[in-house]
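As a plain string of letters, each chain reads:
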Amino acid sequence: MLNKPIYINGAAAISIQEPLNETVIYNPLNYSQVHVRCIDPVFKEHLNPIAARRMSLIIKRAIITARYAVKMAEIEKPDAIITGTGLGCVQDTEKFLEAMIRNKEKFLQPAFFIQSTHNTISSQIAIDLKCKAYNNTYIHRGVSFENALIDALLQLNKPKIDSALVTGNDEMTPAYFKLLQRLNYWKNSVDSSLNIVDSENSIGSFAGEGSVSLVLSKNKIKNSFATINDIKLHYNPNGIDEKFIVDFLLKNGLNTDDVSLFITGANGDFNNDLVYKKLDNLFDNNRIGHYKNICGEFYTAPAFGLYAAAICLKNNTVPKTMMLSNNNLNNINNILFYNHFQNRDHSLILLSKCIN
Amino acid sequence: MLDEIVVSGMGSISGIGNNLDETLQSCLQMKCAIKELQHIKSIHKLPCAEVSYTDAEMKAILNIADSETATRTALMGMIATQEALNNAKITNDSKYRIAFLNGTTVGGMEKSEMYYFDFLENDKFNHYIEAHDCGACTEKIADYFGCFSYVGTPSTACSSAANAIMLGAELIRNGEVDIVVAGGSECITKFHLNGFNSLMILDKEICRPFDETRAGLNLGEGAAYIVIESSKLAEKRKIKPLCKLSGYGNACDAYHQTASSPDGDGAVIAMTNALETSGIEPKDIDYINAHGTGTPNNDESEGKAIARVFLEKIPYISSTKSITGHTTSAAGGVESVISILSLNNRFVPGNYNFKTQMSCLPFKPVSEVITNVDLKHVLSNSFGFGGNNSSLVFSKI
Chain A
1 MLNKPIYING AAAISIQEPL NETVIYNPLN YSQVHVRCID PVFKEHLNPI AARRMSLIIK
61 RAIITARYAV KMAEIEKPDA IITGTGLGCV QDTEKFLEAM IRNKEKFLQP AFFIQSTHNT
121 ISSQIAIDLK CKAYNNTYIH RGVSFENALI DALLQLNKPK IDSALVTGND EMTPAYFKLL
181 QRLNYWKNSV DSSLNIVDSE NSIGSFAGEG SVSLVLSKNK IKNSFATIND IKLHYNPNGI
241 DEKFIVDFLL KNGLNTDDVS LFITGANGDF NNDLVYKKLD NLFDNNRIGH YKNICGEFYT
301 APAFGLYAAA ICLKNNTVPK TMMLSNNNLN NINNILFYNH FQNRDHSLIL LSKCIN
Chain B
1 MLDEIVVSGM GSISGIGNNL DETLQSCLQM KCAIKELQHI KSIHKLPCAE VSYTDAEMKA
61 ILNIADSETA TRTALMGMIA TQEALNNAKI TNDSKYRIAF LNGTTVGGME KSEMYYFDFL
121 ENDKFNHYIE AHDCGACTEK IADYFGCFSY VGTPSTACSS AANAIMLGAE LIRNGEVDIV
181 VAGGSECITK FHLNGFNSLM ILDKEICRPF DETRAGLNLG EGAAYIVIES SKLAEKRKIK
241 PLCKLSGYGN ACDAYHQTAS SPDGDGAVIA MTNALETSGI EPKDIDYINA HGTGTPNNDE
301 SEGKAIARVF LEKIPYISST KSITGHTTSA AGGVESVISI LSLNNRFVPG NYNFKTQMSC
361 LPFKPVSEVI TNVDLKHVLS NSFGFGGNNS SLVFSKI
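Quick note, the sequences are listed as chains A and B, same order. In terms of the working numbering, the numbers along the first sequence are unbroken and rise by one, the last being 356. In terms of the working numbering, the numbers along the second sequence are unbroken and rise by one, the last being 397.
Because the hints were derived from the structure by calculation, they are not lab data. Hints may be right or wrong, so weigh each one.
[Stated by the list, open to error] Mimicking DSS-like on lysine-lysine, the simulated pairs with C-alpha atoms at most 25 angstroms apart in a straight line are:
| # | chain 1 | residue 1 | chain 2 | residue 2 |
| --- | --- | --- | --- | --- |
| 1 | A | K95 | B | K41 |
| 2 | A | K104 | B | K204 |
| 3 | A | K251 | B | K232 |
| 4 | B | K124 | A | K178 |
| 5 | A | K104 | B | K45 |
| 6 | B | K244 | A | K158 |
| 7 | A | K95 | B | K124 |
| 8 | B | K95 | A | K251 |
| 9 | B | K232 | A | K232 |
| 10 | B | K35 | A | K104 |
| 11 | B | K244 | A | K160 |
| 12 | B | K124 | A | K104 |
| 13 | A | K106 | B | K204 |
| 14 | B | K95 | A | K243 |
| 15 | A | K232 | B | K95 |
| 16 | B | K236 | B | K89 |
| 17 | B | K45 | A | K106 |
| 18 | B | K35 | A | K106 |
| 19 | A | K71 | A | K158 |
Here chain B stands alone, though its shape is the one from the complex (with noise of 0.2 angstroms):
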């Protein structure tokens, strides 16, 4: 029998909210963040959700001097990380053995754009070319903290934080540590919002996902974590868990490295593993928070893979990144948060900008919030670029 593990803990940083309470207001009230953009300058006029903290003010929340190099995904995910910390009860002299496991793609790359031809013709910016790695930005958020012993740095595009979290139950398991935090971080960098440009799948308008207009994704950022640790030792440091992380799956699509399988097999793979770890049949799902990006390809086969999946009974379906826009490799982590509030508040969050249902598909989503409505078992997907699909489940305790 596996140990369970369960969700002590959790913090969130994104556009629909600086913090859990926020995120969960944002959430009941459908309140899209998604607008124009303010942090970076870009000649592409596309509609993002930022976080509304500069990095000044996040320094400031953070006691850290103005002249420390930290980048902008560092400092959200110490911001998300402090409120999961705070969440769990876990103190920086902590005598447990706790891990950070932090999904990012982009790592630096916010100040590697700025100052690239620096970083080759002088030594003026030689502190953004050490935290230009990946692994460089999860060692400045845990230094900050003090209290992690291991730390790792998952990177499969979009389901980085998803990624994140199945290993850091998996660590716990095989009693490699305690404790995990465990999400990601990612903020807008020209870099990406141009690289998706350049694919054509970013909407010049509100993103909107499972409708049949739906044309591209909006870019958000932000950062989130939650934190796990057997049941066993939640009950010992008297920690009322939110819930269970029931079951994980992961799946290789292998298919095209930037588009999804027509009929989603890996998407079908993810789930289908997801919901045999938790030991559950798929009419127990009762709501799916979909990777729902808007674009045509994902939604199309996400959706057609949740048809074939949830045959017998459609849960109830919404993607939240219309409201949160693509956080990409925090998306995991921010649509995990969201996913235990729904459970946790009896709540199925709604899908922002929905109008018309896709003629390829059996189901529409939510539209609306759906509040006072019992959630026992929620799923939620993380897809990334070259077919590294995630499915988690959340389950009440």
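Bound-form chain A, shown alone (with noise of 0.2 angstroms):
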């Protein structure tokens, strides 16, 4: 789909991992409860006290990962913002739904309101960044970063668009944990969050939440992480087969022993999980990482599993609690990473190392 690759030049999160810390996936904290939430930053440390009192705290930590990003990578502003998210400003929506309906409609405040639309942290990342450029939001369930970061790439076809933000921010407030407990999300309980993907075989996961914001650009710098060489997004309730996979790989010229790692959306839940194991026959065991297990399952967790893997190739080196066969994995050319939301929404996106 891409005319040439693309650089991702910038990568900041806040997760339930040590925030803005590239390192963490190397030597993350293990968790033994089934809703955790972020570790923030001290936010007075990077935001204006009286700015931060109007925001919520998703918008506080989009505008931290996005003005990260954005410096890291050596730009000013970027020529597209996208935003990804599967429940958006979720906090406020529920704040202000709340009043609405036990004061039956009366004395509503409009703050909660005005700070309940999803697009509220693209625009409040462009007014941040004071960027009038391109500026899109997506919210497709388990695939809304996807959503976002095929848009950004599309955006980057064109001759004027050099760099484009894109960023994944879901929260997972106590009522919405709640709500989705009700339609089995989550496991009773949880020993070793580390362990989730190979402890198992029950329903549920655990539940996380996070912001990731990316820099990506049709220009190579010093400390560029890695490239994106191509992404698709197939939509099919009846699920995919081995063949999806390798058709996608054949267009890029690659086979499967061209994949270094195969990376997977596999979070604990038998489920979920079972779409991943029947593609085992594609890759050895020592070949398939996971990342939801370091930063729960939400939404938008793909935006953090795509940080993962471009840490990992910047790197050259897997960490073994990524991995399924819990070895580190090292020397990595291609990544591919695919996820599914449900069994019917479906992505894949290849990943290289860079090229000096």
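Join the two chains into one complex using the hints; note that each chain is given alone, in its own frame.
Right under this line is the structure:
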């Protein structure tokens, strides 16, 4: 799809791991809870306290990771800002909704409504970066981030667009955690979050949340993380087969042997992981990785996964916590990243090591 | 040279009509659909433009069991998508890669606001929890047809549908899909009715876009989609296109979360980019279907932006929200359909309820329908909260 590979030049995350630190994937925290909230940076070190008072939590996180990634990418402002979010500013949505129901539509303050629309995140980033460029937001369940990413890559195919900030943002409020609990999204208990993928054959995962910003660019810089070579989004409520993956690789002149690492969205939920297990024939266990054990499950968790993949390519090493084999993996050239949501929405992303 | 993108079909349901024919007739007669709220119960006496069908009526039309979980937004979306697919002669067993891009913001909120405390306290309405998020709504519509191999949900509040159309054109140009059904769907909810009301931007009377006395907007609801594909494919499929989607622009005002900048900077960039990608000059635009919500802020900001871009020759301008109400996320779809109807039926829709020109603007909108007029290029504006501004240009073939 891409005219030429696109570089990931900036990457920042606030997650359930130590914030704004690229090394977290090599030394992640282990949790024994089913609902883990982000470890936030000290906001007053990053944001003007007066401005920050008007911002909801998700906006603070988004603005901080966006600024970090933009600075890292050595640009002043991007030529496009695109956000993927499964639930948008759900905390403010809940506040407005609860007040409206409890007070029977009376005495409502506009502040929570103003902040409730999903596109608040992208537009607040634009206001913060004083950036009037292309701006968009996608909300599509477990592939919200990939929806945003494909748009960013489409924009980067245009001559006038050199860089794009693409973000994945979601917060898991106690209320929404409870709602998803009713739909069996979560396990009853978790002993060790890092081992959740291979622990047991039970239903549900553990909940995380996060804000991830990536700056994509046509131009390589000294600190470029990796390249994105191709992306494919596919909708099929009946699932995909091996051919879907093989064809995608073929289109890029590769076969399965060329893939150093196959990263899945395995999260410890029996039904979710079964979809990946059915592809076991394609790659041996020594080449299969995952990330949701590090960041938890939320709609835009793949944004954290791509962030982790980019770091692995930059450092040429994958930590054992990300590996199904539980062994470190070195010398990686190509990563194939596959994610599905309810075996309905499917996304493939091909990443490669930067070539000097 | 970029591939030419053509519109090969469309479908619409809104307060002014349940299909294309009714929509056209209402536009030609300038029949305003804004009246007392029927389908939802609110303490506020605020006029709105609702789709006339009840949910049960829509389910009957669609042959969906009454017991099936389907939000009003999804049902309206199915009706408009069905019309668009028929109009573009696309069958459910089509061999082409077809995308469904559905702009929406409220998603399943219409049911969530009824059952929210049940969601928190019991398992009675779990099926509506699953239907709450916007993506679920898009997939509900897509699954009804079963012909879509790509789905996506752009959500930029009131410019969602316009952004869906822009994404669609890019997906075709980059060879990701062959055909795109793009637009938006949104029903009125108490949530956004109260939200807009708390911002004090709802008029208690019938709205008056671009009028000196304007005092806010009226909400509407609806769903509308256009079908786009490359001119080559349309030719191969032996489809006579309705028009070209010749250009589009998206920019961010980056000024304020809910207010537009005083001089409409974001709107100027969006319109300028749309003209540039169309390869036409401002003077070539014959008609602007304005965002024109009727709020003091939007109409001043948009009006000034139009005056800045179209300095040389101000085209015909009207806001059809004066008859459809503001259909929020669907607006870009509803108004694209109206723009294309005006191109192909040689008329300029009127701006209903207009009396007094705004003192800060050098133009007034078209107040009566103009017929028998040749239009070559029409520009449609959709601006959303957060300064998400998008403009589309449709051109006669």
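Do the hints match the structure? See the list:
no.: 1; hint: K95(A) - K41(B); in the structure: holds, 21 angstroms
no.: 2; hint: K104(A) - K204(B); in the structure: holds, 19 angstroms
no.: 3; hint: K251(A) - K232(B); in the structure: holds, 24 angstroms
no.: 4; hint: K124(B) - K178(A); in the structure: holds, 14 angstroms
no.: 5; hint: K104(A) - K45(B); in the structure: holds, 14 angstroms
no.: 6; hint: K244(B) - K158(A); in the structure: holds, 20 angstroms
no.: 7; hint: K95(A) - K124(B); in the structure: holds, 22 angstroms
no.: 8; hint: K95(B) - K251(A); in the structure: holds, 20 angstroms
no.: 9; hint: K232(B) - K232(A); in the structure: holds, 24 angstroms
no.: 10; hint: K35(B) - K104(A); in the structure: holds, 23 angstroms
no.: 11; hint: K244(B) - K160(A); in the structure: holds, 23 angstroms
no.: 12; hint: K124(B) - K104(A); in the structure: holds, 22 angstroms
no.: 13; hint: K106(A) - K204(B); in the structure: holds, 16 angstroms
no.: 14; hint: K95(B) - K243(A); in the structure: holds, 18 angstroms
no.: 15; hint: K232(A) - K95(B); in the structure: holds, 19 angstroms
no.: 16; hint: K236(B) - K89(B); in the structure: holds, 13 angstroms
no.: 17; hint: K45(B) - K106(A); in the structure: holds, 13 angstroms
no.: 18; hint: K35(B) - K106(A); in the structure: holds, 22 angstroms
no.: 19; hint: K71(A) - K158(A); in the structure: holds, 23 angstroms
Checked against the numbered hints listed earlier, the structure breaks none of them; every hint is satisfied.
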